[in-house]
Amino acid sequence: MRYVEEFRDPTAAKSLLAEIEKVTNQIGATKDKPVHIMEICGGHTHAIFRYGLDRLTPEGIEFIHGPGCPVCVLPMSRVDECVQIAEKPNVIFTTFGDAMRVPGTKKSLLQAKADGADIRMVYSPLDALELARRNPDKEVVFFGLGFETTTPSTALSIQQAARDGLTNFSVFCNHITVPEPIKALLDDPYMMLDGFVGPGHVSMVIGVHPYDFIARDYNKPIVVAGFEPLDLLQSVLMVLIQIRDGRAEVENQYARIVPEHGNPISIAAMEDVYERRPSFEWRGLGEIDASGLKIRDRYKAFDAEEKFGIGYAAGPRVVQEPEGCECGAVMTGRMKPTACPQFGKGCTPEMPLGALMVSSEGACAAYWQYGGRRAAEPAE
Amino acid sequence: MTLRDDKVTLSHGGGGKAMRDLIAEVFTSVFEPTSREDQARLTHEALLAAGAQLAFTTDSYVVTPVEFPGGDIGKIAVCGTVNDLAVGGAKPLWLSAAFIIEEGTEIALLRRIVASMKAEADKAGVKIVTGDTKVVGRGSADKVFITTSGVGVIPAGRDLRADMIQPGDVAIVNGVLGDHGATILAARGDMMLSSDLQSDCAALGHLMEATCNAVPVRACRDATRGGIASALNEMAEAAGCTIEIDEASLPLRAEVKGTCEILGLDPLYLANEGTLVLFVPAEHADTALAAMRSVDTGKGATIIGRAKEGAPMVTMRTAFGGSRIVDMLVGEQLPRIC
Chain U
35 MRYVEEFRDP TAAKSLLAEI EKVTNQIGAT KDKPVHIMEI CGGHTHAIFR YGLDRLTPEG
95 IEFIHGPGCP VCVLPMSRVD ECVQIAEKPN VIFTTFGDAM RVPGTKKSLL QAKADGADIR
155 MVYSPLDALE LARRNPDKEV VFFGLGFETT TPSTALSIQQ AARDGLTNFS VFCNHITVPE
215 PIKALLDDPY MMLDGFVGPG HVSMVIGVHP YDFIARDYNK PIVVAGFEPL DLLQSVLMVL
275 IQIRDGRAEV ENQYARIVPE HGNPISIAAM EDVYERRPSF EWRGLGEIDA SGLKIRDRYK
335 AFDAEEKFGI GYAAGPRVVQ EPEGCECGAV MTGRMKPTAC PQFGKGCTPE MPLGALMVSS
395 EGACAAYWQY GGRRAAEPAE
Chain A
2 MTLRDDKVTL SHGGGGKAMR DLIAEVFTSV FEPTSREDQA RLTHEALLAA GAQLAFTTDS
62 YVVTPVEFPG GDIGKIAVCG TVNDLAVGGA KPLWLSAAFI IEEGTEIALL RRIVASMKAE
122 ADKAGVKIVT GDTKVVGRGS ADKVFITTSG VGVIPAGRDL RADMIQPGDV AIVNGVLGDH
182 GATILAARGD MMLSSDLQSD CAALGHLMEA TCNAVPVRAC RDATRGGIAS ALNEMAEAAG
242 CTIEIDEASL PLRAEVKGTC EILGLDPLYL ANEGTLVLFV PAEHADTALA AMRSVDTGKG
302 ATIIGRAKEG APMVTMRTAF GGSRIVDMLV GEQLPRIC
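Going down the list, the sequences are from chains U and A. FYI, the numbering for the first sequence is 35 to 414, going by our numbering. FYI, the numbering for the second sequence is 2 to 339, going by our numbering.
The hints are simulated quantities; they were obtained by calculation from the structure and are not laboratory data.
Now the stretches of chain U that chain A is said to cover, found in silico as 3 or more residues with beta-carbon under 8 angstroms:
id, stretch
1, 40 to 52
2, 87 to 101
3, 391 to 404
Pairs of lysine-lysine residues, derived as DSSO-like cross-links and limited to a Cα-Cα distance of at most 30 angstroms, are as follows:
id, chain 1, residue 1, chain 2, residue 2
4, U, 147, U, 341
5, U, 147, U, 334
6, U, 341, U, 172
7, A, 309, U, 379
8, U, 172, A, 8
9, U, 48, A, 258
10, U, 147, U, 122
11, A, 119, A, 18
12, U, 122, U, 172
13, A, 119, A, 135
14, U, 122, U, 140
15, U, 341, U, 140
16, U, 67, U, 48
17, A, 309, U, 48
18, A, 135, U, 147
The beta-carbon is built from N, C-alpha and C at its ideal position, and this holds for glycine as well.
So here's chain U without its partners, still in its complex pose (with noise of 0.2 angstroms):
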């Protein structure tokens, strides 16, 4: 496969884990004094694990798992209200696969749909929107999931049921932005991190300039990245190298995808359909000012908060997350997930009590499938 093997070559890696470890050591880092790395995206989070990133780079290396899990950081309010709609007479909900299995407190959205609710598994916005198409008796809603790189399609799909006068199409709209968290993380004063991994997908659409903060108001290095292990193994190299020079700079290690301003057709039909919603909540983190988005009113119409009353549009809330759950610890780079009494006993991926175990790319289910269960067992 070409533009994907290139950047799963094992002898460049020996070459970039050697310089790994010559500006580990340069820096002084050790196992006991480790530089905390956050990989922010989930989906890095994975290949770390998937391809044995953790074993491979120096002891003197720590990464903290990010909230840059869409999935993970949905709070069980709002699965709750998934459930809640999907539960309606006449509705066809749809969702991403991997949103299917996220406990709420009552059921998950495949528990629902084994007790009767017609819940769909899309792999697109615009496969909901073919859906509405083809059931005019029917209200497809669409759960609008996820961070920057899913945003944009949703916008559009809107767009489009506009275009076509469709009134049978609405969004359960929990897009949420990266930049947000990221500084609500940085406010915390037990936060130790030292440089960030970039999510490069998202980058892709917004460009690096919104993480201009951090290198400039928290003086952090960050470096945008890609998603191949080569492409992971450079940009921490390239972190170390700021750290060690002391520089704290935005730099973009995936330029193959990632353009400086991003892309302004996204951009655009963000902005035309979305507004801010003053907070959001986090699952693990609690509301984070600005940190989610809503459908603009000219959209209102395909706003499945306000068609039914719903969610935000219904007023405050609260919801208790379980007990003896530590996602939030997890999250913030705090807990590393093996250390959660709750790891591998009260919660696994059968039987997951927290969302960073249900998602592959949930740092809990990440460690789980792929070796940090090992970390768990007592040693040989």
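Dock chain A against chain U, hints included.
Only chain A this time, still in chain U's reference frame:
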């Protein structure tokens, strides 16, 4: 020809003339069972040998779409059950076939399915000797569900079991992985992916016979639902040792890799319908490979890993130089958001 309908109606399940006509024209005229009674009456010389064992298995088949590139539900229903017998070391002999048919299903579709079952059974050297049909209302089934049971004979002295696997044994697959799963994904049309992929659906009785005659096979599984990862995990658990596979040696087509890259799926978990993995002692590996490659369905036989001392789990040396656990799949493999 007395069957004039284009589609199956509830009357075809009513026990009367319509049902009789459907069974006679669509099913028994093709399968030609020898017995006119309600049960097949069977005998076979292999059963008379001292120490021979009867092998008996059953499986139900539901697949959407029912026809796909490289096969249809009928072909899978024959191959799948033949393979369940074959991987246990049995020579497959007879099958039953029970059909649950949704009202409104086209009779022409049934005829095509039955024809492909007959062709596949002939190829595999088995006879479909008994069967049943039921018709259910629209929406109670998805066109047609098929259950096949199979009977075969394991010759004296052959004992394939996963707990026979020893550290040092070599794991061999007969060909490429994931073709069936990727084909079905593409054929569902949800993703608007187009590819030339074909299902690997094939009966593996002849392959197993050739291999078992050449070398002492320890154990074998066909890597159907849950893919090669699930088959290996089951075997590691039964054997009580670690199975280590080597990513670089996994036979995967570029189209399958590409489909998985796009959808965020792992080819190790994609279903196969004509792929098996077997273990032989390391010293017999070359002979096993030669025996397998002499059969059509074994042309792509290759070593993918080995058993070693350690906790019962499956690990993979990644092409990248790392190592990771290959766990059982939890539920269904769900495509990732981004």
